[in-house]
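Quick note, the sequences are listed as chains X and P, same order. Counted the way our numbering counts, the first sequence spans residues 1 to 434. Counted the way our numbering counts, the second sequence spans residues 435 to 724.
Hints in this document: simulated from the structure, not taken from any laboratory. It is possible that some hints are incorrect.
Capping the alpha-carbon separation at 20 Å, the derived lysine to any residue pairs in SDA-like fashion look like this [to be verified]:
#, chain 1, residue 1, chain 2, residue 2
1, P, Lys488, X, Gln218
2, X, Lys130, X, His156
3, P, Lys492, X, Gln218
4, P, Lys492, X, Lys194
5, X, Lys155, P, Val560
6, X, Lys155, X, Lys194
7, X, Lys194, X, Phe137
Stretches of chain X that chain P covers, calculated by requiring three or more beta carbons in the stretch to come under 8 Å of a beta carbon on chain P [claimed, not checked]:
#, stretch
8, 85–93
9, 100–108
10, 123–137
11, 322–328
A virtual CB, placed ideally from N, CA and C, is assigned to each residue, including glycine.
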Amino acid sequence: MSTPVIQTAGIGKRYRRGLQASSGLLRDSIARAFRSPLSLFRRANQETFWALKDVSLEVGQGEVLGLIGRNGSGKTTLLKILSRITQPTSGWAEIHGRVGSLLEVGTGFHPELTGRENTYLSGAILGMSKGEITRKFDEIVAFAELEKFIDTPVKHYSSGMYVRLAFAVAAHLEPEILLVDEVLAVGDINFQKKCLGKMGDVARAGRTVVLVSHQLNQIRRLSHRVVWVDAGQIRQSGPTAEVVSAYEAAMSAGDRSTASRANGAAQKARFVHWEIAAPQGKSPHTLQTMGPFNVRFLLEAQTPIRHAHHGIALYNAERQLLWCHGADESDLVPGLHEVVYEFPALPLRPGMYSWLLTLWDESGEVDRWEGVPDMLVDTESYQHPRDEWSGVLNIPVVLNVNARSEPSSSEQLSPTSATAADRASARETGVKKG
Amino acid sequence: MVTSNPTVAAPLGSSASGAFTVRIAPPRGWFALHLRELWDYRGLLYFFVWRDVKVRYKQTAIGILWVVLQPLLTMLVATLFFGRLAKMSSNGLPYSVFCFAGVVPWTYFSTSLLNVTNVVVENQRVITKVYFPRLILPVSAALSGLVDFSIGFVVLFIYTLVFGIHPTFAILFIPLFLLLAILTVLGVGLWLSALNALYRDVRYLIPFLIQFWTLASPVYYSSQLVPQRYRWLYGLNPMAGVIDGFRWALTGRGPAPGSILIASVAMVLVAVLGGLAFFNYMEGSIADRV
């Protein structure tokens, strides 16, 4: 390996449980101090947990390192420590070079400001100098394809336009070391591809990249080496193909490590796995059909559960609830249960989606599981090419415009009654069908 | 070639490999100020101030008019009740000039204190997503209030001229009193903004604090009312020194500030140093808490 530009030794991060939740009122703290003045100095009885423990790794010059692991495994915490957003509790890290971190798209954007103003603001926050932004300004605007709207306040942008501008700014950041968290999970697939291309350029230019992602395809495409973080520790590290396959195998095997469980107490039952059961595609977590399909969830019950009812919900990458369903009460015997949903179709625009499963019994919530990994919808896009007209659904409509014999009704079907969007998508659909 | 063209907002200097090294380790010590780093991030400080000013003038429809009206109306009402009806003494100045010269720095102080208190909480998204010295935020909030202040000052200056009060050499001291006002805002604001990130109810204390503080400052009455031997005690309120000094520097009338100013300067220094230490101590965990 070439000379390490990032080196960490025994990095650990301890959080006090409920740090944010603990009342958070000055009033209460003062009242507590009056009741028992010593409590101010007593910290020992507070429950702590290690979000990250004893992580040692090296990243070489020009290397692209992928970090994978389920939600809450500590990979984002690690990235935040390397970005200096949060400080480690133990261990140390050394970074040689200028660091840029992209932990979200649109860091520092202000809705009242125009696209131009936000480009400067966000660029400065991400670490560019004013001169650097001015030099790259035209390139950024062209990359975002927003020449016409650059002096419009971004509060009037569609979410697609917003993301494009935000990403264009970020993509033109040229640090020696780039730390990226999941940001590519937004926007339409075409723009994502463009961004991936740009990221590939970054990597080829000899810069070092540390990338966190749930999208294993992305990790496969970009990373030279992968570190799998599980329950705050490095579980496996090595060549991309090897580690990603091991991770996938563990995921499909319904491997929900005990440490990442939300409540440490023994659970009565929990969801352990999800997959697209039929039709089978290149991956059990990728939806490639516009037609009917089945989704299978596995539920593991430790004890008999009376009056179990469960909920299922589907969210998009912006955490917008798309669909939700509550299932009736039933009694569950201990053991593994298969829960299968038959969908006639799910015409969603291509992108990342996530399942949320809950299980309840008489006494309350038994389990709440964010289906891991996310579901990738990888169907052909029938979207309007302009983002401000792209919606949630992806419907391969067929449009017929027929001349009717009566002159009066044909006037009603004149171009003014069909919107620009209709015509454009008709054209696009036509091209694809043809 | 390390120093040839340092990038402004980028802390890490040139691109020569190994030219810049950051060591990340658990925080230790209360007072490890990184002034050098703060200077490296001055470009970002400029952008934060620029953003605050832009957004403020975009959001209020009447913009500058509001900045002028706010102190002007306060002054008019105070002149009516305190000047005309209560006939309060005003260091030999027309009461309206006396009062206006107190309201302008006071308005800067009270609005800036509120902004500094809220700045960490309002920027929590940025704080949890990107690193920069957090101290930049309160400093930017204290500085962005200077634009409103400048506008108010111009109106005030014209107003004093209209009353035939011409500036004397004392006006040269105005920047010093302004600096004292900025440091007062920071000295108090650094504590409050860090506390505000920890405790959600701090922001509700601020209006009360400001109301209380207005009464304890020589905005509407003269500090000459305070008996001589208690002046130093009165001066422990740093805004007493700021307002007295500002009024004297602008009009050249009344006694030059003495024991009050000395006490105020001492108090501000203590508050700023304490505030820096406290903010610095909390800085590491702010991203974990907001």
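* To do: Of all the hints given earlier, name the ones this structure violates by number, lowest first.
  => Hints 1, 2, 3, 4, 6 and 11 are the ones this structure does not satisfy, whereas the remaining hints hold.
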